[in-house]
Amino acid sequence: TQLLEQSPQFLSIQEGENLTVYCNSSSVFSSLQWYRQEPGEGPVLLVTVVTGGEVKKLKRLTFQFGDARKDSSLHITAAQPGDTGLYLCAGEEGGGSNYKLTFGKGTLLTVNP
Amino acid sequence: GAGVSQSPSNKVTEKGKDVELRCDPISGHTALYWYRQSLGQGLEFLIYFQGNSAPDKSGLPSDRFSAERTGGSVSTLTIQRTQQEDSAVYLCASSWGPFNEQFFGPGTRLTVL
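Listed in order, the protein sequences are those of chains L and P. As numbered in my numbering, residues 11 to 123 make up the first sequence, in order. As numbered in my numbering, residues 129 to 241 make up the second sequence, in order.
Okay, chain P solo, but in the shape it has when bound (with noise of 0.2 Å):
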């Protein structure tokens, strides 16, 4: 499969403990953004990276939460200090570019205790 993977499929934590979620790009895109959608609501834009420029982090709702995306390939979410409103699944999609058709991997569900 070439799609864009994402990893764990599930997450349970207990308030205050961080997390890391893991996201595969499709080999060759070079954009990566995240984004989280909670029950009832839209996704919201977290976080963009494309290549090498500066990430757009604009989306992070507060200095718990911090991604990198390392060898252009590879990116991480981290969440510190979880909270319960945390609570929802974390999307990440990847694309040719930033004008490209965005392909969305199956999220990750993280629950926070």
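Okay, chain L solo, but in the shape it has when bound (with noise of 0.2 Å):
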């Protein structure tokens, strides 16, 4: 079974502070997801990384795919509240198992106004 460790579990930071948040594996994956998740909703995708080394940018969030392809970061630039709420990273298994999402516990992300 792959697992993905995240870190911090928690983040409690102030508006307009810089952040990152870690997703790691001994195993290589396929390509690695960044979701956010809200209290009392599901999951929403933001990126999908598929290549070792790539970068993603979304607005004031990078995101970053390990050479190896068993690591990733997100890097938040001035927080925002709205900001606020669980970033869960998941990997694909790859081969004929690509539907299968092994989940990180989650990195919940409080940002004070």
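No wet-lab data here; the hints were simulated from the structure. Keep in mind it's a predicted model, so treat the numbers as computed, not measured. Here a beta-carbon is modelled for each residue, glycine too, at the ideal position from N, C-alpha and C. Hints may be right or wrong, so weigh each one.
The following label-pair restraints were derived from C-beta to C-beta distances [to be verified]:
1. Thr206/P / Glu51/L: 35 to 45 Å
2. Glu148/P / Val54/L: 22 to 32 Å
3. Ser137/P / Thr72/L: 31 to 41 Å
From the structure, some residues in chain L lie toward chain P, with a derived Cβ separation under 10 Å [unchecked claim]:
4. Tyr32
5. Glu51
6. Gly95
Looking from chain L toward chain P, a few residues come up when the C-beta cut is under 8 Å (computed) [said to hold, decoys possible]:
7. Arg46
8. Pro49
9. Gly52
10. Leu56
11. Leu98
12. Tyr109
13. Phe113
14. Gly114
Join the two chains, each given in its own frame, into one complex according to the hints.
Pasting the structure below:
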């Protein structure tokens, strides 16, 4: 079973600060996805990274996939209260089980005004 | 609203009772997934349906859990003889196909007393 470790588990910061959350594994994933989940709702896909070393930017969010496709990071610049939520990473196992996502436990981010 | 819907949103039951959770996927989506999200845990894959193919039941935790998908649309997850450890949020997702973005419903919060 492939596992994804996310850190930190909890993060509370002030509006305007920068932050980075991490997603690590000892296994290789064919791709990795980042989701944000708000209370009472399902996760919403933010980005999918596929190529080792790939960097994707989504406004103030920067996502990076490690060269070996075992880890990823999410960096938020100038965090806003609207960024508050649970950030989940999920890896696709690849091969014939591409549909099966392995999720990390998430990073609960609170951005205080 | 054309999103994934789930019912009920909350379910409280007594240990030993059976429960049925319903998922209405996005119209036209051929793939449907069930996940379980326990407190402090990531999403755990339960079962996957794709068109008329046999479902992948490899994530079901015990034989008390079963799911069906009628007419390639609505799905029902059934938990028999519920236990306290079954308490969790059960999330359903659908996608156009196995390699496409999964859209999640808001989940059903199950509490077993």
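#### Entry: In rising order, the numbers of the hints this structure does not comply with
Violated: hints 1, 4, 6, 7, 8 and 10.
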